[in-house]
Structures are given as C-alpha cells and as structure tokens.
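> Taken in order, these protein sequences are the chains called E and X.
Our numbering numbers the first residue of the first sequence as 1 and each following residue consecutively.
Our numbering numbers the first residue of the second sequence as 312 and each following residue consecutively.
Treat the hints with caution; some may be incorrect.
[Claimed, not checked] Some chain X residues flagged as far from chain E (calculated, every beta-carbon gap over 10 Å):
#  : residue
1  : Leu390
2  : Thr544
3  : Asp547
4  : His593
5  : Ala628
6  : Thr671
7  : Pro749
8  : Ala772
9  : Gly816
10 : Asp817
11 : Leu835
12 : Ser836
[As the list claims (entries may be wrong)] From the structure, some residues in chain X lie toward chain E, with a derived Cβ separation under 8 Å:
#  : residue
13 : Asp412
14 : Asp624
15 : Thr629
16 : Gln779
17 : Ser832
18 : Gln839
It should be emphasised that the hints constitute simulated quantities derived from the structure, not laboratory data.
The beta carbon of each residue, even a glycine, is placed where N, CA and C say it ideally should be.
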Amino acid sequence: MSKYIIKRVLISIMTLAAIVFVLFLMLDFMPGSPFNDEKLTAAQKALLYTKYGLDKPFFVRFVKYVLAMLKGDLGNSYVLNKNKAVSEMIKAPLGVSIKVGAMGMLLGTVLGLGLGIAAALRHNTWIDTLCSVVSILGVSVPAYVFALLLAYFVGFKLGWIPILWNSKNVAKSMIGPMIALAMSPMANVSRFTRSELIDVLGSDYILLVQAKGVRQKDLIMKHALRNTLIPIITIMGPILVNLLTGSMVVEKVFGVPGIGTMMVTAIQSNDYNVTIACAFVYSAMYIVMMLIIDILYGIIDPRIRVAKEGS
Amino acid sequence: MSFKKPLALALALALLAGCSGGSGSASAGSASAPASSAAGSEEAAAPTTQNEELSKQYSNLNFRLALSYAIDRQQIADLVLKDGSVPAEGFVPKEFAYGPDGKDYRETAGNLLAYDPDKAVEYLNKAKEELGVDNFSVSLLYETDSEAPGKVSAAIQEMWQNVLGINVTLVSKTKKERLDLMNNLTYEIGLTRWGPDYADPQTYLDLFKSDQTAYNGYYFNPDYDALLNKAETGEDAADAEARWADMIAAEKMFVEDMGAIPVFQNGGAMLINPAVSGIEFHNAAVDNYRKIKTTEADKNVTVAINADLNTMDHHVATDGQSFIMQSMVIGGLVSLDADGQPVPDLAESWDISEDGTVYTFHIRPDANWSNGTPVTAQDFVYAWQRLDSGDLQSEYAFLLETICVKNAHEVFDGSAAPEDLGIKAIDDKTLEVTLTQPVGFMLGLMSFPSFFPLNQEFFEAHKDSYAQSIDDILYCGPYVFSEWVENSEYTFTKNPAYWDAANYGDYADEVVFKFISEAQSAALSYQQGELDVVTLTGDLVDQYGSDPGFTQRLQGYAWRLNVNQIVKE
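Could you put the whole structure together from the sequences, leaning on the hints where they help?
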C-alpha cells in the first residue's frame with residue numbers, strides 16, 4: 001500500500017510541475033498586458049515592463065519564477081492589489097473558497113447518497129421519480145442560474161439566507177453558496193448511487209446473501225453499498241471539476257471573496273502572477289483530491305491496489 | 312491511472328481558456344503580441360503591411376461623414392443605454408469644463424453633430440463616386456468587459472445597415488485584446504472611450520495631437536497641432552479667453568475632419584437610499600464620499616462598488632475606486648465643493664503670483680497625521696518628488712507636466728535632480744509651487760490623489776509594505792481605514808485627529824465599501840436594505856427605474872468610434 005501511495009504522490013508532484021510550465025507558457029500567449037490603461041504611452045509601457053522584469057526572455061522569467069516559488073514567493077501583483085505579495089493575497093480568499101467548496105461537496109455527496117439509496121430501495125415509486133427529477137435539474141441547470149434563483153427566492157423573497165457575503169457573519173453567509181455548489185454533486189451522486197445500487201441489488205451474490213437470511217440493514221450497508229461506492233468514487237473527479245468551475249460563478253453571485261472571483265479578475269486584467277497562483281492552487285486542489293480518491297480506491301477495493309502494484 | 316494526468320492538465324487548460332473570454336471571431340489578437348515581445352519590441356512585432364483598399368476607404372472624408380450622419384445618437388442614449396447617458400455633441404463632453412465666462416464649454420462650442428439620414432446617403436454616394444466602388448463593408452470592434460459597448464455597437468450596426476445599406480461585421484473582444492488591436496492598427500472601426508484627467512478640454516483634445524501616436528495613428532493635422540500648441544504653451548497660454556477660443560476652434564476642426572466619430576457621453580444609473588445624502592459626483596474629478604449623511608440611526612452607510620480597490624498607494628493608483636478611498640483618508644491642498652470649485656482643505660489659504668506661475672500654499676497649523684506628527688510642506692515636496700521619480704514609473708506622473716510644474720519632465724527622465732522640481736518647502740507650513748506658465752485648472756487638480764502628501768519618515772519606515780494594510784497608511788483626512796477585508800469589504804470610520812473633526816459630527820460614522828461584481832445581487836440586497844448605494848447596469852434600469860432611490864448622473868467619459876485610416880494586417 002505505501003509503495004502505491006508514494007508512487008501516486010510522486011506522479012502528482014510531477015504533474016504539478018508540468019502545470020506550472022504550461023500555465024506560464026499560456027499566459028505568455030494571452031493577449032494584452034497587465035498595463036492596460038488607455039492612457040499609457042508605448043514608452044511608459046516599455047519602462048513598466050523593464051521595471052517588473054517582463055521584458056526578459058520566457059525561460060529566464062520561468063526559471064526565476066520557479067526558483068522563487070520553491071521559496072514560497074509567488075511574486076507581486078501588477079494590477080489587483082498593486083505591488084502586494086501574491087502569497088499574502090491569496091491566503092484569505094483560498095481559505096474562504098476551500099471552506100465553501102468543501103461544505104458544498106460534503107452536503108451534496110451526503111444528500112446525493114441518501115436520495116440515491118432511497119430511490120433504489122423504493123424503485124419505481126414517487127421517491128424514485130423525485131430522485132430522477134432532482135438529478136436531471138441538478139445536472140442541467142447551470143450553477144450560475146441556480147445561484148441566482150436561490151439568491152432571488154430564498155434570499156430575497158423569503159429572506160431566509162443573506163444574498164451577499166458578510167465578513168462579520170461568515171457562517172450564515174456560507175449557506176447560499178454552499179447550497180448552490182451542492183446541487184451538482186448531489187444530482188450526480190444520487191443518479192449514480194441509484195443505478196449502481198439497483199444493479200448490485202439484482203446481482204446473484206445479493207440473492208445469496210438474502211437467502212442466507214442476513215438482515216435487510218446489513219445487506220444494504222455491508223454488502224450492497226460497498227460495491228456501489230466504487231463507481232461513485234470514480235465520478236468524484238469530474239464532479240470536483242464541476243465544483244471548481246461552478247465556484248467561480250457562484251462566488252460572483254453571492255459576492256463571496258474567494259479565489260474564483262480573484263482568478264477571473266486576474267485573468268481579465270492580465271495580472272500574471274495572481275493568475276498563475278490561482279490556477280496553480282486550483283490544479284493543486286484537484287490533484288490532491290484525485291490522489292485522495294486513488295488512495296480511497298485501494299482501501300475500498302483491494303483488487304485495485306493489488307492490480308496497480310503488480311503493473 | 313494514466314487518465315488523471317491529462318485530466319489535470321485539461322482542467323488547467325479549460326480554466327484558462329474558458330476565462331480568458333476569447334469571444335471574438337478573428338484570432339489576430341492572440342497572435343499579435345505575446346508578453347515576451349510586448350512593449351519594448353512592440354514596433355518590431357507590429358504588423359507592417361498596410362491594407363491599401365481599406366485604408367483608402369476610411370481615409371475618405373465623405374465616407375466618415377456618412378457614417379457619422381447615420382448614427383442616431385439620441386436613440387442610443389435614450390433607448391439603448393437608458394442609464395442617463397447623453398448623445399455626444401462634439402468630442403468634449405458637457406457639464407465638465409467651464410470657460411472664463413463661467414459657461415459650460417459645450418454651450419459655447421455648440422452641437423457639432425447631427426443625425427441626418429438624407430445627408431448620410433448623400434455623403435455615401437459621394438464617397439462611392441470618389442472611390443469608384445458600389446458598396447462598402449466595415450467591421451466594428453468593441454469590448455465585452457461591460458455590456459454597454461456591445462449594445463451600442465449592435466445599434467450602430469443596424470443604423471448603418473438601414474440608413475446606408477452597407478455591410479457591418481461586429482468584432483467582439485476583451486478590452487485588453489481590443490487595446491492591442493487598436494494600438495497595432497489592425498482594426499477598422501473601434502468603439503472606445505476617454506476619461507478626463509482634469510476639468511479642461513485639453514485632456515480630450517491633446518489625444519489627437521500628431522505626437523500622441525498611440526491613439527491616433529490616423530489623424531495628422533498640423534493646423535490642429537498648431538492651434539492647440541498656441542493655446543497650451545504658446546502665445547495664448549496666458550490669455551484665458553483666447554485660449555478657450557483656440558480650444559473650441561480646434562475641436563470644430565477635428566469634428567469637421569471627422570478624426571473620430573463621437574457617439575455618447577457616459578451616464579450612470581444608481582440606487583441611492585433616500586435616507587442617504589451628500590455624495591458629490593464630479594464629472595472630471597474623483598467622486599466625493601467624504602460628506603455622506605444618513606438619517607438612519609446607526610449612521611452607517613454601505614456602498615456597493617463594482618470594481619475592486621486596487622491600491623491605497625496614491626502614487627501608484629490608476630482607478631476610480633482607489634482614488635475615492637484615498638480621498639477619504641488623506642486629502643489634498645484643496646478639495647472640490649459640490650460645484651467642482653476648489654475650496655481650502657489641507658491648505659487653509661494660498662497666494663498666486665501676478666503672472667500666475669508661483670503658488671504659495673499655507674498649510675493648516677492644525678493639520679496632523681494620525682500618528683501625531685504635523686502635515687508639513689515637506690510632506691508635499693517628498694510626495695511630488697516620488698510621483699515624478701523614474702524609479703516609480705507612476706502612470707500619473709504626467710500630470711506634473713500637464714500643470715507645467717518646473718522641471719517636471721527633466722526630473723522624470725533623470726536629467727535633473729528631484730530637488731530641482733518646482734516645489735519647495737519655505738517653512739514647515741508654507742509650500743511654494745513654481746510653474747513654467749499659468750495653468751487655470753491647476754488649483755482644482757490639487758484635489759486629485761496623485762498630488763496628496765506623503766510623510767517621508769513613515770514611508771521609509773514601511774517602504775515595501777507601505778499602504779498594504781491599514782497600519783501601513785498614515786491618515787490626515789476625515790476618515791481612517793479601519794477594516795480591510797481583501798477582495799470584499801473596506802470599512803472607514805471617523806478620524807478623531809482630523810483638523811475639522813469638530814464639525815464632522817453630522818456625517819456618517821462608518822462608510823463601508825463592498826465589492827460586488829454581480830449587479831443583480833447588489834440590487835436585490837439594496838431592496839432588502841443591506842446596501843445604501845448600488846450602481847445599476849443597463850438591463851436593471853427598466854426594473855428599478857421607478858424605485859424612489861433611482862438616481863442618474865452624468866460622467867465625464869466620452870465614447871467615440873476611432874476610424875482607422877492606416878489599416879494594417
């Protein structure tokens with residue numbers, strides 16, 4: 001197991017290194033400049049480029065950046081928060097985003113599992129129909145629209161949740177964005193849980209377990225659900241991608257001071273260092289989650305671990 | 312296991328590609344100027360082949376006149392934008408600059424533009440004859456960062472197609488791409504805007520002088536240059552009336568040449584809680600939020616801003632939001648009253664020499680920084696020297712040259728020492744500014760944050776962290792920055808050490824600026840009473856037009872169509 005984990009960690013680190021390179025390259029091709037003011041003359045612009053070392057060749061800048069990065073220095077912002085260290089800038093927004101994202105993911109997964117199990121056990125009843133409707137809505141309604149609807153009806157009409165983020169009441173402010181973000185994981189998880197569980201429940205070994213007279217509760221929890229979870233863990237990766245991209249628009253609607261909002265602004269204004277840092281953080285979060293999922297695989301299903309160690 | 316690596320890469324790619332907003336059709340933007348080759352070698356990288364046919368088309372005066380006469384500017388302001396914008400009457404906007412006779416510039420200069428479909432067709436036919444073509448195709452470039460340019464461009468497309476029967480292709484780009492295309496002259500017609508730096512027509516008219524190559528690669532008129540030079544630094548510089556007449560003549564010349572096609576003057580629709588008063592909007596200066604009052608008991612006012620605070624360093628800032636907040640906590644020699652006239656602020660009085668070139672400011676004896684040290688003339692000297700230093704490369708250093716401060720240019724390019732700049736501390740509270748010629752709008756500009764003071768001792772003690780947190784700023788204005796939640800909330804509370812604190816009791820105790828990029832959420836929150844001031848986008852105007860707090864203001868931004876007479880490819 002430990003050999004497997006070490007291998008996975010090393011691969012993850014290499015992937016991250018590759019991502020930094022690609023990000024750097026792509027930013028280089030991004031049109032425009034961080035100094036977008038209509039009032040700047042070409043000469044002034046050139047001086048600013050020199051001042052920030054942006055006139056240097058690509059590889060010089062890249063190596064300099066990576067060396068600084070290893071020391072925890074992510075450079076300074078050019079636009080968003082002029083001359084401030086990016087490592088300082090992203091701390092607070094990152095914390096907010098992770099909190100909201102993790103809560104949304106957790107809520108969505110738990111609700112999705114519950115809904116999926118209920119639908120599978122009450123196959124072809126109203127619960128099943130409800131589950132289908134919810135998952136279709138969750139998959140097809142974009143996070144942006146859902147967030148706006150939530151802000152309008154639950155926030156504005158009913159007044160149950162605050163529409164906008166309030167840094168003095170973070171717990172309450174989190175409710176809206178959390179629910180909006182939970183929608184997509186809930187829909188996906190419930191859909192997969194339902195179909196997998198129905199499959200598993202119809203399989204021969206469950207028939208055998210039933211024949212042995214195992215209690216219904218044990219049958220579901222110990223025998224059926226465990227096999228259902230494997231495919232569900234597989235889809236957690238794509239769900240996470242949805243969650244990350246969704247967080248950008250959800251953060252916008254609820255005015256959440258998170259990393260998504262920051263990244264969008266940074267890209268729009270060519271704030272290179274901030275963009276790289278945000279994109280890197282997003283990639284890192286994704287890779288870490290994939291790593292966790294991989295390891296979970298091994299724990300839940302020994303066959304995968306064995307097979308992978310063998311190869 | 313191999314599928315995760317590409318997935319991770321794909322995620323990074325998707326994140327970047329998805330957000331860079333490359334919505335346009337042409338790919339010229341992305342290929343033209345990668346960062347590595349930008350600026351320094353831009354000239355070399357810029358395309359050099361000229362499209363003769365298109366250049367000829369846009370160089371034709373009758374064609375440009377036809378385009379202008381076919382635009383119904385009133386309709387664009389009233390039916391398309393609906394946010395208080397008004398039709399352009401020339402290149403210089405209205406309610407912005409006032410002449411020696413006290414009259415609005417626009418009133419004296421008159422309306423130079425009209426919508427006249429018959430004339431438009433007439434000019435078009437002349438152009439067809441001159442160029443020997445049957446019909447024209449044009450492409451119109453606009454930016455997608457906000458929604459107004461797209462709406463206006465679509466309206467213009469329709470007008471040109473209906474009135475002139477020409478083919479109009481719309482090209483949508485992000486602002487930064489649009490600027491690249493326009494700087495490289497690889498566009499045909501582009502919708503762009505200019506915001507004033509000071510309350511004088513010069514801030515607009517200078518833009519089309521032949522030496523300002525960045526924005527007018529196509530408009531060269533020596534007579535126009537001569538007229539403006541005469542007014543700004545030549546024989547009419549000291550004669551306010553003659554100077555004014557020159558400006559008006561220059562603008563007329565420019566519009567007759569159709570150097571660019573003015574379209575509209577920016578308005579702004581807002582919701583302001585009826586309990587709140589005292590926000591002073593200035594078309595050519597920073598809006599004043601220092602004198603907000605509210606009849607509500609908590610004396611707290613929350614303002615939604617749709618652009619974030621970029622920096623509290625007033626020599627580095629370039630955006631309106633940052634300037635507003637800096638003005639709350641620092642302040643200049645003068646501030647502007649509700650009518651935009653300079654009134655004493657940190658300077659309690661001033662003398663101007665007879666020839667109008669030497670200003671002596673008397674700084675208030677009771678003006679102190681929040682750490683107890685007095686605000687001195689030396690603080691201004693140090694600040695201006697920093698603003699003008701080549702090391703800092705402040706984007707607003709040019710203002711020192713604009714108001715003709717002695718040696719401003721020489722100090723900036725390093726050929727003179729900072730001490731040679733025309734600003735001296737006679738004693739602790741007496742400041743002397745020397746100009747090379749009289750400049751009428753100099754005094755009003757002293758309210759602009761670039762000219763605010765800076766305490767040398769404090770600055771040098773903080774250096775790299777200066778202005779990056781509330782403890783890294785020194786305050787001498789009516790408010791202090793009391794809470795800074797990055798990307799989100801900026802709270803200002805009363806400054807007990809403010810020289811006029813005794814008379815500030817009536818104003819809001821706390822002013823909070825809240826960054827919200829989604830206008831719809833902000834408007835809903837306003838309705839709930841959580842926000843007191845909200846800026847509306849055009850699509851929300853219909854929805855909130857009848858709200859008691861609905862307010863429209865005029866801004867100094869003038870939007871125009873640049874017509875590229877040297878189309879490169």
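> Each of the hints needs a verdict: does it hold here or not?
So, going through the hints one by one against the coordinates:
| no. | hint | in the structure |
| --- | --- | --- |
| 1 | Leu390 | holds (26 Å) |
| 2 | Thr544 | holds (19 Å) |
| 3 | Asp547 | holds (26 Å) |
| 4 | His593 | holds (18 Å) |
| 5 | Ala628 | violated (8 Å) |
| 6 | Thr671 | holds (31 Å) |
| 7 | Pro749 | holds (25 Å) |
| 8 | Ala772 | holds (17 Å) |
| 9 | Gly816 | holds (25 Å) |
| 10 | Asp817 | holds (26 Å) |
| 11 | Leu835 | violated (4 Å) |
| 12 | Ser836 | violated (5 Å) |
| 13 | Asp412 | violated (30 Å) |
| 14 | Asp624 | holds (7 Å) |
| 15 | Thr629 | holds (5 Å) |
| 16 | Gln779 | holds (5 Å) |
| 17 | Ser832 | holds (6 Å) |
| 18 | Gln839 | holds (7 Å) |
Checked against the numbered hints given earlier, this structure breaks hints 5, 11, 12, 13; the rest are met.
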